[in-house]
Amino acid sequence: MATTNATINITSDIASSFPINISNSMTMTKHGVNTGLEETTGLRTKKFTSTTAAVIVEHDELTDDKAHKLYIRNASTDKSNFFYIAYNASAAAATTTETIGKLYGQDWMLMPYDGNTNITVASNGTDTQYLEYMVFADGIVAAAG
Amino acid sequence: MATTTATVSISSTDLQPGNTLGISASSTLMQAGLTTGLTQVESGVISLASGVESRLGPLATEISGDAHDIGSYLYICNTATDETYYTEFGIHETVIGRLFAGDWMFIPWNASDDTAELELEAENGAQVIEYAWFNKDFILTAAAS
Chain L
1 MATTNATINI TSDIASSFPI NISNSMTMTK HGVNTGLEET TGLRTKKFTS
51 TTAAVIVEHD ELTDDKAHKL YIRNASTDKS NFFYIAYNAS AAAATTTETI
101 GKLYGQDWML MPYDGNTNIT VASNGTDTQY LEYMVFADGI VAAAG
Chain E
146 MATTTATVSI SSTDLQPGNT LGISASSTLM QAGLTTGLTQ VESGVISLAS
196 GVESRLGPLA TEISGDAHDI GSYLYICNTA TDETYYTEFG IHETVIGRLF
246 AGDWMFIPWN ASDDTAELEL EAENGAQVIE YAWFNKDFIL TAAAS
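Protein sequence lines, in the order shown, are assigned to chains L and E. Residue numbers for the first sequence follow my numbering, beginning at 1 and rising by one. Residue numbers for the second sequence follow my numbering, beginning at 146 and rising by one.
A portion of the hints provided could be inaccurate.
Stated by the list, open to error - So the derived label-pair ranges between C-beta atoms look like this: (1) 187/E x 140/L: 22 to 30 Å; (2) 75/L x 165/E: 18 to 26 Å; (3) 162/E x 127/L: 18 to 26 Å; (4) 58/L x 285/E: 41 to 49 Å; (5) 49/L x 275/E: 34 to 42 Å; (6) 273/E x 18/L: 34 to 42 Å.
Unchecked claim - To give an idea of the interface, some chain L residues facing chain E are shown, with a C-beta separation under 10 Å as derived from the structure: (7) 3; (8) 7; (9) 8; (10) 29; (11) 45; (12) 113; (13) 130; (14) 136; (15) 139; (16) 142.
Think of the hints as simulated: they come from the structure by calculation, not from any bench. All residues carry an ideal CB built from backbone N, CA and C; glycine is no exception.
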């Protein structure tokens, strides 16, 4: 069993009378048990120069209905550019079902993922942007030989 | 201008044998496409009844401006301790992942319309979640006259 820990810290002075300081850690475990995740797709980096949607996580490589975790980071620095992030077979845009959100330069996300549908992204323009992503997997389906 | 910063670190010494994993990322959360910080936060602790779909956060029509263009970020933690308990997280009727006991998630979120709302559903038992939603565009519903 492997042990993978993830820690988040969020600080904010939006509320002037009660500064926000969120700190939390979790150990990534398999579906319904206290056993740590043991597989990963590895950390990948992809360069984008167009708005064409691309699948970054193919769900059929993962076991369905499990406790996968998905980490994505926009490695670019420009806060005016972003990626649409969608839970969709092939599309990602503002109105695509289901676009989760827009990941601007330097932004990151970490979310649970059931592995039942692809994760698709699309850059907002033609400026060069880089996306980093990694699935912490609760089951990877080996490709048939 | 308020400053909200979100930082993550992910580590494991044994997920990838022979390669210690260490991911660190930090982002100052900005208004959509700008280098101006977010100005609003909504946070709370909510009980979820088992097997009941619940909406978290506003509908698109409760967000000012073009809902596609908002910059907003959502943190959720499942405070349950029973490893068999999880809360399904999704957009409208589409489940995206399962937030198990003790897990947290952090995503960008932008509503495209009122049928792209965030939904949660506790499974295997009632659960309590903690959340914080950082944004600038949420408007209060008009009071009854």
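### Query
Can you give the numbers of the hints that this structure goes against, from lowest to highest?
Numbers 1, 3, 6, 11, 13, 15, 16 - these are the hints that the structure violates, sorted from lowest upward.
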